[in-house]
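Starting from the known structure of chain E, arrange chain A on it as the hints suggest.
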Amino acid sequence: MQANLKTPLFIAVLALITFTLYPWACSATTKAQAVECDVHAGPCSAVLSGCEVSLDISPKPVKAMQDLTFTVTLTGEKADASPYVDLGMAGMNMGRNRVALKPVGEFVFRGNGVIVRCPSGRRTWKAKVTVPDRGSVEFIFNVIY
Amino acid sequence: MSSTETVFFILFSSGFTVGFGHCLGMCGPIVASLSLSSKGRGGSVLLPHLLYNMGRVTTYGLLGGIMGVTGSFTRVAASIASFQKGVMVFAGILIVVMGLAMAGWIPLGKVFEDYYNLDGVLARGFRKLSEARSRGAFYPLGLLLGLLPCGPVYTALIAAARAGMESRTSLDGFFLGMGLMLSFGLGTVPSLLLVAKLADLRWLKRRDLIYQASSIIMIILGVYFVIKAIRY
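So the sequence lines, in the order shown, correspond to chains E and A.
Here the first sequence is numbered in our numbering, starting from 1 and rising by one per residue.
Here the second sequence is numbered in our numbering, starting from 1 and rising by one per residue.
None of the hints are false.
Pairs of lysine-lysine, DSSO-like flavour, derived with a Cα cap of 30 Å:
(1) A/Lys85 / A/Lys228
(2) E/Lys126 / A/Lys228
(3) E/Lys128 / A/Lys228
(4) E/Lys128 / E/Lys63
(5) E/Lys128 / E/Lys102
(6) E/Lys126 / E/Lys63
(7) E/Lys63 / A/Lys228
(8) A/Lys85 / E/Lys126
(9) E/Lys128 / E/Lys60
(10) A/Lys228 / E/Lys60
(11) E/Lys63 / A/Lys85
(12) A/Lys85 / E/Lys60
Partial chain A-side listing against chain E, Cβ under 7 Å, derived:
(13) Ser14
(14) Ala77
(15) Ile158
Honestly, the hints are just simulated from the structure, not real lab data.
Glycine included, C-beta positions come from ideal geometry on N, C-alpha and C.
Bound-form chain E, shown alone:
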């Protein structure tokens, strides 16, 4: 490699790495509470800012690569905006897979999504439920392939 190409190449690689690591660095500062649960048995629940948040996924058992319905139920004061669910895998970037929820009751929100299958064979997924102005909670569970 010619010497005059080394400096721009080094800068380009450094920029690529910085750009790649930036979202991880940001997410580390806002780490959500993580709760392990058996999503096949029933809804997963956690307490967030003094209010209970529960997530149910149907149909059961919860399988990858099929249409799923995500239902989030909140307690306490009525939320100003609808919560949403981000699906991902612990320790592996699977891309942005956000399930938008719509209100179906005063404290109940529902939306459709898909948990994809990872060829690595790993089955542990996380559903990060974010309630605007209250924070986020991560439910960690195994899916069936």
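Relative to chain E, chain A alone:
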């Protein structure tokens, strides 16, 4: 920036980040194998890899278009699942063959050095891949390997299907889905080009030992790919 432009940007940046975080594990071995197997060729390693990536991104675009028309990720994914499994087996065998050829343990090794006289469909196919003047073969290879099952690609396809569902006409859905997947695919290109460049060891003076070690790693990786495909 409008909401549509935002989605395009999200898909592109998603492709970029998963490229470095995820694709390196799945497509990295294939890309590295293609680079390593070009030890007998002259010319830049970038051209065949650009063609390979163009093929891969074309497949993503077409899949995105189909998702956009149907508006259903699961239906399309189910219909191509068995074919994807076949592609995964093919990719594994390809890596094994390239590893064996690079080590000089099978006659096909000559395939990658632009001279050999074997006949048959498989041999002709690998010869096409090997010939410096037929680097265009990397484009169809990319088209095929773009079908490899991959979690982040599935995630991007879900976005394409959703966008299609919200489109006014099927044609709008097709072009929106295609555009989104092209954005995602283009985002994944830099990481794989970087792997291709790093795995190109032709500038090393004493590289025979590294090639021997690399060929063994390629064979192991290829077998691992095939096992994963069978279990998929």
